[in-house]
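Each chain, written out:
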Amino acid sequence: MRKSPAVRQKIGFGALALATLLVIIPVIAIVVLIISRGFGALSWEFLFSMPRDGMRAGGIFPAIVGTLYLVFISLLFALPIGVMAAIYLSEYARDNALTRTINLAIINLAGVSSVVFGLFGLSLFVVFLKFGVSIISGALTLGIMTLPVIITTTREALRAVPQSYREVSFSLGASRWQTVRHAVLPRALSGILTGAILSIGRVAGETAPILFTVAAFYLPNLPQGLSDQAMALPYHLYVITTQIPGIPESYRYGTALVLIGFVLVMNVIATVIRSKAGKKK
Amino acid sequence: MTAPAAAEKVKMSVRDLAVSYGRTPALKSLNLDIATGEILSIIGPSNSGKTSFLRSLNRMNELNPQARTSGTVRLDGRDIVREMPAEDLRKRVGMIFAMPVPLPLSIRDNVTYGPRMAGIREAATLDALVEESLRAAYLWDEVKDRLDLPGPKLSGGQQQRLCIARSLALKPDVILYDEPCSGLDPISTAKVEESMLELRKSHTLVLVTNNTKQAARVGTRTAFFLMGEMVEIGPTDRIFTGPEDKRTEDYIVGRFG
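So the protein lines, in turn, are chains A and B.
So for the first sequence, my numbering puts the first residue at 54; every next one is plus one.
So for the second sequence, my numbering puts the first residue at 1045; every next one is plus one.
It should be emphasised that the hints constitute simulated quantities derived from the structure, not laboratory data.
Cβ coordinates follow ideal geometry from the N, Cα and C atoms, glycine included.
Be careful, since some hints might not be right.
Residues from chain B shown here face chain A by an in silico Cβ test under 8 Å; the list is partial [said to hold, decoys possible]:
1. Arg1134
2. Met1143
3. Gly1158
Derived CB-CB ranges, DEER-like [unchecked claim]:
4. B/Arg1190 - A/Leu86: 48 to 58 Å
5. B/Arg1059 - A/Ala213: 32 to 42 Å
6. A/Val321 - B/Gly1115: 37 to 47 Å
7. B/Ser1090 - A/Pro215: 20 to 30 Å
8. B/Asn1255 - A/Pro215: 52 to 62 Å
9. B/Glu1127 - A/Ala150: 31 to 41 Å
10. A/Ala213 - B/Arg1190: 22 to 32 Å
11. A/Pro133 - B/Pro1196: 25 to 35 Å
12. A/Tyr141 - B/Val1297: 45 to 55 Å
Only chain A is shown next, with the shape it has when bound in the complex:
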């Protein structure tokens, strides 16, 4: 029996709405779980003091500081290089076998599992370049891991700028760089910042790349410089969850909540910058 178009339309919409619901439910469940179990742990002491009693008491301040260091230093390194590489690939490079291979490599790089990046960082930065297990090794490893994300999103943002803007700019006697700088980049800025936002989340949350390159189980002091080891939120979460018996449950969920909140705050800041940049034109 054939159903009427109206009925079939209802079934179709129902299926789509159900799929959407299935996507949202786990996200909401995770957030609710973490907030309900972790909120009780939040206090000034938890956020801004050193851990005590074999990390069973005190705070997670060094892990927050460590993650802040890693996010900023890795982006300081990856954002300019990634954006410049994307500009070159999208605006300057000719479409030939070499650039197609490079593009393929970048896409594949984005799919490499993060522990492989950790191993790479260990052999290149820690051992070969003798940076040791340090913030700089970890930040560079995270930076390399996030490069494909930045390059891909930047390139998509550049491609979304209508070709006619470039034509108009060239027809008015602008050079290629002037065209990129004045006609293309301002229009791609918000897309580029979206890439940066995605990277912040990835850099702050990854555990495997920092495992061999920077992360410390426990440090009595805050890191003094780039060549020091550091604690970091995701690794700290792993440590207190698996390695330390008898730790209050709220400490674990509190740490997870801080990690999520940290990424959220960074995203909000980046989004505000993005909308400001968007309005300026």
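For this one, chain A is given, so just place chain B on it according to the hints.
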């Protein structure tokens, strides 16, 4: 077929110009002189090579990696490929596109885009250019009180005149129009044509158009292109009243096209 513009001063000369995209030829061995101060209209059906020809005159074809161009084009005697940087050429040979593309900038910044890229910074110079160019494009009276409005907020016809003003701000010698009125209403079209007749006094104009009536209205000379070749060129009156080639006549009276 060569068409020297006899007594008048030659602005641009085109010799053996051929353009192809990959293996597809778009324009086959064109010879043509463009005289100073004329409005040369180019008519013909689509795929006749009109736009390829136009885009060779300011080297915009080079932006298409598929395009291959041979032959020589000279501007005031200088080879535009071998003796001029593309940026300098495009400052002297402006282009108006079929679809008006105002950059997402204010009206003022749209008009001053070219001069600013050329290194002009003084506010007074730029302001003078804005007024002068917008007046020449017949847009000044409509926008003089809102120069900070974003260009894309203007109506279609105003946008096209903004694009004309933007080209004029570079004080070009030659202006190329690529079907400039194809998306415009009759009143906007009339204003664009009016500005063309005025600009003719100080510029050389080349107009590619699908609208044969427009060619008849503004062109001093008209050329008919077909399948990558120039079939006929001559004074507009003669082309429209007594074409020498049967194909020209067929196209003009509307038997095909």
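Each hint, compared with the structure:
1. Arg1134: holds, 4 Å
2. Met1143: holds, 7 Å
3. Gly1158: Holds: closest Cβ of chain A sits about 4 Å from B/Gly1158, inside 8 Å.
4. B/Arg1190 - A/Leu86: 48 to 58 Å: Cβ of B/Arg1190 to Cβ of A/Leu86: about 55 Å, so the range 48 to 58 Å holds.
5. B/Arg1059 - A/Ala213: 32 to 42 Å: holds, 41 Å
6. A/Val321 - B/Gly1115: 37 to 47 Å: The hinted range 37 to 47 Å is violated for A/Val321 and B/Gly1115, with Cβ atoms some 59 Å apart.
7. B/Ser1090 - A/Pro215: 20 to 30 Å: Because 22 Å falls inside the window, the suggested range holds.
8. B/Asn1255 - A/Pro215: 52 to 62 Å: violated, 26 Å
9. B/Glu1127 - A/Ala150: 31 to 41 Å: holds, 34 Å
10. A/Ala213 - B/Arg1190: 22 to 32 Å: For B/Arg1190 against A/Ala213, whose Cβ atoms are near 29 Å apart, the range 22 to 32 Å holds.
11. A/Pro133 - B/Pro1196: 25 to 35 Å: holds, 31 Å
12. A/Tyr141 - B/Val1297: 45 to 55 Å: About 53 Å separates the Cβ atoms of A/Tyr141 and B/Val1297, which means 45 to 55 Å holds.
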